[in-house]
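If you read the protein sequences in the order shown, they are chains A and B.
Numbered per our numbering, the first sequence spans residues 11 to 279.
Numbered per our numbering, the second sequence spans residues 88 to 349.
It is worth saying that the hints were derived from the structure and are not from the lab.
This one's a predicted model, so the numbers in the text were calculated from it and none came from an experiment.
Fair warning: there could be bad hints in the mix.
BS3-like cross-link-like pairs, simulated, lysine-lysine; straight-line CA separation at most 25 angstroms [unchecked claim]:
1) A:76 / A:33
2) A:33 / B:312
3) A:127 / B:130
4) A:127 / B:125
5) B:312 / A:232
6) B:168 / B:123
7) A:248 / A:232
8) A:34 / B:312
9) A:205 / A:34
10) A:17 / A:205
11) A:97 / A:138
12) A:232 / A:76
13) B:284 / A:97
14) A:232 / A:33
15) B:348 / A:97
16) A:127 / B:123
17) A:97 / B:279
18) A:80 / A:248
19) A:17 / A:80
20) A:138 / A:151
21) A:138 / A:205
22) B:168 / B:125
23) B:284 / A:151
24) A:76 / A:97
25) B:130 / A:138
26) A:33 / B:94
27) A:17 / A:76
28) A:33 / A:17
29) A:232 / A:97
30) A:138 / A:232
31) A:97 / A:80
32) A:76 / A:34
Cβ-Cβ distance ranges computed for the label pairs, FRET-style [as the list claims (entries may be wrong)]:
33) B:103 / A:86: 42 to 48 angstroms
34) B:248 / A:150: 39 to 45 angstroms
35) B:88 / A:18: 57 to 63 angstroms
36) B:123 / A:111: 46 to 52 angstroms
37) B:93 / A:193: 39 to 45 angstroms
38) A:242 / B:114: 55 to 61 angstroms
39) A:126 / B:92: 36 to 42 angstroms
40) B:248 / A:111: 26 to 32 angstroms
Yeah, the Cβ is synthetic: ideal placement off N, Cα and C, and Gly gets one too.
Each chain is listed here by its residues.
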Amino acid sequence: MSQPQAKEPIISLRNVSKTFQGKKVIDNLSLDIFPGETFIIMGCSGSGKSTTLRLMNGTIEPDEGKVLIKNKDIYNISEEELNEIKKRFGMLFQYSALLDSLTVEENIALPLQEHAKLAEEIVNIIIKMKLSLVGLRGYEKYYPSQISGGMRKRVGLARAIALDPDIVFYDEPTSGLDPVVGGVIDKLIKDLSSKLLITSVVVTHDMQSVFAIADRIAMVHKGQIIEIGTPDQIRNSKNPFIQQFINGRPEGPIDFFKEDIGVIGDFGL
Amino acid sequence: MVSHIGKVVIEYLGWLRGVLSLFLNVLYWLFFGSFKGKAAQRKGIFQQMVFVGLRSVVLVFFVDFFTGIVLAMQTAYQLEKMGAVIYVASLVAISLCRELSPVLTGLVVAGRAGSAIAAELGSMKVTEQVEALDTMSISPTRYLCVSRFLALLVMMPCLVILGNISGIFGGFLVGTGSLNINPDLYMQTTFKHLALKDIYIGLLKAGVFGVIIALISCYEGLNTKGGAEGVGRATTRSVVASFISIILADCIITAIFYFSKT
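Here chain A stands alone, though its shape is the one from the complex (with noise of 0.2 angstroms):
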């Protein structure tokens, strides 16, 4: 990516903290995402990341600060406007979320029949479209119980392009999949980005996917933001929280199993 900084962002969080029942999910992050990139949030589980990222898809409100989609504030306009602005986004669920009650073409079919005034033949049309961009052909009447986890991630991915969004929001999009599944994944969230000019979000902790994927990375830990970075920023990072994420350390200053640790040193293991 070439000086990003130069674009006018995208997405942008300003000073935003959101509190669950006492705890302070998200402490005053920000951060600013640019047209066209891929940008990852990583982090251990209960690091936030995932609530960044619904605070962005307008599910979440803040408690405190702004959340500004091209340069429009989502949580202090109409409901209307709201629903403009997500009509142009597309999000991948972590466990796909497709309706279990419609077949794939039907999951596929929902958001075109609902925001795009479109001829039935066209619709069908654009299904097929997304399902060979994804490498599901044929799979149109099945029901998502009837295919495996990587083809309902994948259908997702198709439901999530379906209007042609300017933002995907990817939750934990390659958790749960075999490596093969996994990078076939990650391949197509990079040529959405490259062909397509979509704006990629993606939450995850998987770190081959990381390195595949990125523009940026922001490594999230308790709610803050650590570093943002370059693939190759992060990998030579003199930060201890990101060396030890990005390996795999049990010890260090990510210190989220230190009791267990403790304990299983007492008794002698």
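Go by the hints and put chain B onto chain A.
Chain B in isolation, oriented as in the chain A frame:
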């Protein structure tokens, strides 16, 4: 103790507010949604009508049929002493149409369809399907609740009419078979005392119960928290809350008609 009671009351008021705001939301989408070109899908409404209505037919038939039989036998036991066995016919008809058929049908539908709705929406909620609708800027209320609301509102009165008929039929079998009332006389007595108003009141109750079941089960489903356990909890809560609300609403409506009569 006082703080505990206060907490329960506040929780209950919050629940009530949630259900009422869902009601307003459903009404909004029902009436204004069509003007925005966002009417509920016809296919979904018919699917729900088949599910809550048609699939409950056998259940409702048998519940009301046996209730009619029991009612006839119980009242005959008392009326025989006064030599007024013939009034079994009108008593069965009126108490079924005004009271028993709507309430029993309401309870049966709440147990069968209401719990299923809560469980379905609850599992959609915990598997992020509701959130997915929301991020696609499709209102979950419109997409999921309006069709169920309409289906219950329309099908409950239909089921109650069926219940009335099957209950009267059950009473008829006892009256003619065991109490030796002439079949013609039985039916004549039934319709002589059964006013149209009795049936209307029953149908009004049915409609109200349908609304109650739809709102409570949708609300509980959409507010499910946690995984499988949460879905179970939502299902139970929806049935319990529907039962209590149905009986309470029945009490209020009966009281209104009872006192307004004089």
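Against the structure, the hints:
{"no.": "1", "hint": "A:76 / A:33", "verdict": "20 angstroms, holds"}
{"no.": "2", "hint": "A:33 / B:312", "verdict": "18 angstroms, holds"}
{"no.": "3", "hint": "A:127 / B:130", "verdict": "18 angstroms, holds"}
{"no.": "4", "hint": "A:127 / B:125", "verdict": "11 angstroms, holds"}
{"no.": "5", "hint": "B:312 / A:232", "verdict": "23 angstroms, holds"}
{"no.": "6", "hint": "B:168 / B:123", "verdict": "65 angstroms, violated"}
{"no.": "7", "hint": "A:248 / A:232", "verdict": "19 angstroms, holds"}
{"no.": "8", "hint": "A:34 / B:312", "verdict": "20 angstroms, holds"}
{"no.": "9", "hint": "A:205 / A:34", "verdict": "39 angstroms, violated"}
{"no.": "10", "hint": "A:17 / A:205", "verdict": "19 angstroms, holds"}
{"no.": "11", "hint": "A:97 / A:138", "verdict": "21 angstroms, holds"}
{"no.": "12", "hint": "A:232 / A:76", "verdict": "19 angstroms, holds"}
{"no.": "13", "hint": "B:284 / A:97", "verdict": "51 angstroms, violated"}
{"no.": "14", "hint": "A:232 / A:33", "verdict": "10 angstroms, holds"}
{"no.": "15", "hint": "B:348 / A:97", "verdict": "55 angstroms, violated"}
{"no.": "16", "hint": "A:127 / B:123", "verdict": "13 angstroms, holds"}
{"no.": "17", "hint": "A:97 / B:279", "verdict": "62 angstroms, violated"}
{"no.": "18", "hint": "A:80 / A:248", "verdict": "34 angstroms, violated"}
{"no.": "19", "hint": "A:17 / A:80", "verdict": "12 angstroms, holds"}
{"no.": "20", "hint": "A:138 / A:151", "verdict": "12 angstroms, holds"}
{"no.": "21", "hint": "A:138 / A:205", "verdict": "18 angstroms, holds"}
{"no.": "22", "hint": "B:168 / B:125", "verdict": "62 angstroms, violated"}
{"no.": "23", "hint": "B:284 / A:151", "verdict": "50 angstroms, violated"}
{"no.": "24", "hint": "A:76 / A:97", "verdict": "20 angstroms, holds"}
{"no.": "25", "hint": "B:130 / A:138", "verdict": "23 angstroms, holds"}
{"no.": "26", "hint": "A:33 / B:94", "verdict": "22 angstroms, holds"}
{"no.": "27", "hint": "A:17 / A:76", "verdict": "20 angstroms, holds"}
{"no.": "28", "hint": "A:33 / A:17", "verdict": "35 angstroms, violated"}
{"no.": "29", "hint": "A:232 / A:97", "verdict": "31 angstroms, violated"}
{"no.": "30", "hint": "A:138 / A:232", "verdict": "43 angstroms, violated"}
{"no.": "31", "hint": "A:97 / A:80", "verdict": "13 angstroms, holds"}
{"no.": "32", "hint": "A:76 / A:34", "verdict": "17 angstroms, holds"}
{"no.": "33", "hint": "B:103 / A:86: 42 to 48 angstroms", "verdict": "30 angstroms, violated"}
{"no.": "34", "hint": "B:248 / A:150: 39 to 45 angstroms", "verdict": "42 angstroms, holds"}
{"no.": "35", "hint": "B:88 / A:18: 57 to 63 angstroms", "verdict": "60 angstroms, holds"}
{"no.": "36", "hint": "B:123 / A:111: 46 to 52 angstroms", "verdict": "24 angstroms, violated"}
{"no.": "37", "hint": "B:93 / A:193: 39 to 45 angstroms", "verdict": "57 angstroms, violated"}
{"no.": "38", "hint": "A:242 / B:114: 55 to 61 angstroms", "verdict": "57 angstroms, holds"}
{"no.": "39", "hint": "A:126 / B:92: 36 to 42 angstroms", "verdict": "53 angstroms, violated"}
{"no.": "40", "hint": "B:248 / A:111: 26 to 32 angstroms", "verdict": "29 angstroms, holds"}
Checked against the numbered hints above, the structure breaks hints 6, 9, 13, 15, 17, 18, 22, 23, 28, 29, 30, 33, 36, 37, 39 and satisfies the rest.
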